[in-house]
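Trainee: Terminal number for the sequence shown in the numbering used here: 251, no gaps in between.
None of these hints come from the bench; they were simulated from the model. A portion of the hints provided could be inaccurate.
As the list claims (entries may be wrong) - When the alpha-carbon atoms are kept at most 25 Å apart in a straight line, the in silico PhoX-like pairs for lysine-lysine are as follows:
(1) K145 <-> K210
(2) K140 <-> K166
(3) K159 <-> K145
(4) K166 <-> K199
(5) K238 <-> K133
(6) K238 <-> K194
(7) K145 <-> K185
(8) K188 <-> K133
(9) K210 <-> K166
(10) K185 <-> K198
(11) K133 <-> K159
Here the structure is a predicted model, which is why all the values come from computation and not from measurement.
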Amino acid sequence: MSKIHGKETKPEILVRKSLFSKGFRYRINDKRYPGKPDIILPKYHTIIFIHGCFWHGHENCKASKLPETNKDFWKKKISDNTVRDRKNIGKLRDDGWNVIIIWLCEIKNNSDREKRMGRLISEITDGK
């Protein structure tokens, strides 16, 4: 797990480049906010998390299948992650932030990424 990097990942960079090309300006990985969000858009009062399906327990996603070995460890690890995520997202929403989750499976290939980026823009501008 020490080889897993928490920031500057390829999916984060792809999303940031897409947002920047459309004129959005943002902050990244700001420790002042619960959960240290991947992207913060202060102008739109929006926070974006880019979640790996496995690490954050994306329901009904093939990529979130637990390994066969050491299942109890992984079940607890992923469960703890999802509890922490819900708590952080709840705090942000209580503070009035629009919180958007982008799952890795939504942006894995180019056609899915283009569709998701289109939806993302409206989620940001509509505040939903």
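Trainee: Against this structure, judge whether each hint is valid.
Mentor: Taking the hints in turn, this is what the structure says about them:
no., hint, verdict
1, K145 <-> K210, "violated, 31 Å"
2, K140 <-> K166, "holds, 18 Å"
3, K159 <-> K145, "holds, 24 Å"
4, K166 <-> K199, "violated, 37 Å"
5, K238 <-> K133, "holds, 18 Å"
6, K238 <-> K194, "violated, 34 Å"
7, K145 <-> K185, "violated, 31 Å"
8, K188 <-> K133, "holds, 22 Å"
9, K210 <-> K166, "holds, 24 Å"
10, K185 <-> K198, "holds, 15 Å"
11, K133 <-> K159, "holds, 17 Å"
Checked against the numbered hints listed earlier, the structure breaks hints 1, 4, 6, 7; every other hint is satisfied.
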